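Protein chains: 2
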Amino acid sequence: MKYDRTYNFSAGPAMMPEPVLEEIQKEVLNYRGSGMSVMEMSHRSKVFQQIIDEAEADLRKLMNIPDNYKVLFIQGGGTLQFAMVPLNLMKNGVACYVETGSWSKKAIAEAKKYGEVKIVASSKDENFTYVPDCSNLDIPDNADYVYICENETINGTTFFNLPNTKGHVLVSDQSSMFLSRPCDVSKYGLIWAGVQKNVGPAGMAVVIIREDLIREDIDPKCPTYLSYKTHADSASLYNTPNCWAIYCCGKVFKYLMNIGGLTAIEKINQEKAKVLYDYLDSSKLFKGSVRKEDRSLMNVPFVTGSDEMDAKFVAASKEAGFDNLKGHKSVGGLRASIYNAMPKDGVEALVEFLKKFEKENA
Amino acid sequence: MKYDRTYNFSAGPAMMPEPVLEEIQKEVLNYRGSGMSVMEMSHRSKVFQQIIDEAEADLRKLMNIPDNYKVLFIQGGGTLQFAMVPLNLMKNGVACYVETGSWSKKAIAEAKKYGEVKIVASSKDENFTYVPDCSNLDIPDNADYVYICENETINGTTFFNLPNTKGHVLVSDQSSMFLSRPCDVSKYGLIWAGVQKNVGPAGMAVVIIREDLIREDIDPKCPTYLSYKTHADSASLYNTPNCWAIYCCGKVFKYLMNIGGLTAIEKINQEKAKVLYDYLDSSKLFKGSVRKEDRSLMNVPFVTGSDEMDAKFVAASKEAGFDNLKGHKSVGGLRASIYNAMPKDGVEALVEFLKKFEKENA
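Chains as they are written, first to last, in our numbering: chain A, 545 to 906; chain B, 545 to 906.
Honestly, I wouldn't trust all of these hints.
It does not matter which identical chain is meant; a pair holds if it fits inside one copy or across any two.
Derived DSS-like pairs (lysine-lysine); straight-line CA-CA distance at most 30 angstroms [said to hold, decoys possible]: (1) Lys773 <-> Lys605; (2) Lys546 <-> Lys590; (3) Lys657 <-> Lys570; (4) Lys765 <-> Lys656; (5) Lys818 <-> Lys657.
It should be emphasised that the hints constitute simulated quantities derived from the structure, not laboratory data. Remember, it's a predicted structure, so these values are computed and weren't measured experimentally.
Let the sequences and hints guide you as you build the complete structure.
Structure representation (structure tokens):
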């Protein structure tokens, strides 16, 4: 690769498009004649207002976000969203969660602080290697929302069909699949995504929320920063936001529009993932961990079946210039995260390396 | 200036040292042979661990932070700290606040959500243009802490003497003066600072907290992200932090160490501020707003006494290449923020321009 860059299979923060990084590099000391870096700009300045306005407008175009949804840029990552969702959306104090792995479990644990949490479906019985059937969930009438983690980064599963929420509000954590495929926003009440997986630098979540879900009457003890209304009323400028992340994400939004939008990137992602899954399905040494129909196009966990062999592979792959192929410590094994910005070349090179390793260790 | 950069007098985000920006620029596509940008690095990787470890170690050296204090890097800015301080430190539900301007007022409003707030001193009577005498405050025995905003960014005042807390814990918002002068950390229970004013890019606060103040027994409804224990137990890596801000701030810490540390920067700051204050004291048109002995070395509010003349000056200064000299909308007038990274040349050039403007408008 150019600039002596490595193929980085990290689950996040992860690769960003090289043309975006090149643009950023040019503007570090002086953003387009403004005389300053974006890192040095007042968030109340005209020049920054244009950056944030364009970022929001481009995201709206990319995802075709309806006018009755707000787009918010909020610091604090997923951990803060796990609390903000129930703090803001639990009106009756009851919410339904689908338990599909590590990140939905974290969301569930946090939500339990604020009300009754009903787990309406789970794939715990098979170690979170599939997405449970959500076509006929038992949802209480007074449930405030149904929550899913649409792509489980650690476990490598994806919802290809959204749950039937029976008229209840759908909330989705899209962090590790955000902007990886077209999305019908109107089917959701709230989508949130930590940007550090599939978009830009860490330190920000994007929240897309239907306006009627932004409440005035939440618990007055809710910290000001944790109220969606705080951010919605001030167009994400209640306090100084993560200006740098907004700027970088804005560039990625433009990059995606230029290559043809979410339909185009979905096709690329399908092709990329196929290269890897086809090999795993044919391999005698490596095996994908997830049920075929629920396989994530972004995070591909796989195993050799032997901890020693897994470790040997991690060491050998690192040596060969492939980075971050170790599985998450909570599940072990191996994992390749192949987000939007991972070039197909990278996946092909990985498969070549897997083949070579398999041959040498037959 | 090199790179056609402007003198940017923004109150924050604000100027960063040019040598730091130059280093950052070089590393955008490939950080020191790692094959990736810092924006693309797993926060669990060895290469990032070294970045965060060095940043913390350098800050500890710079401020001579005692071993029984934790250094935390937390997203969410001042708005989140306004809530985190009372949520974590109010054990008896009583806290004392010194009211010196816009930012202490915000802190007070948020703290009132969580317990009894006693305003033990205020400069409201003279529009926050001075720091009240805090040598003999009426502090209830059961007060959990005494809180100050050590430098009021909008009002332009600074504490040159810390309050006599009579043995109670001192909490300080140092955002707009952080690292501008030596600081005896042992006198504080907790110091926090949004980094976007005097250090690096927006999106992070540094919290320096005495270990015995990190509590297990806070309200179980406190969001996980808002517990200092969450961040302390995982050395700021409970979730993905603002890696980019940690990296940039780390570079600024090294830059400050290289120029001689906080004693050296204090001397520079005193000289810089003297240039501007001396002129204001001699001017017949412009006048500093703050009582002499409480004048901030960082934020210098001044007025002509006429809103029209103020507006004329703002337009003329912008035209002449001086940016962000308008006072905060809440107080009006004019303000020059001259943080660590503003070169003395910039202040001298501003004074020349002020003189010229005064002559032309005599």
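What are the numbers of the hints the structure violates, in ascending order?
Of the numbered hints, 3 and 5 do not hold.
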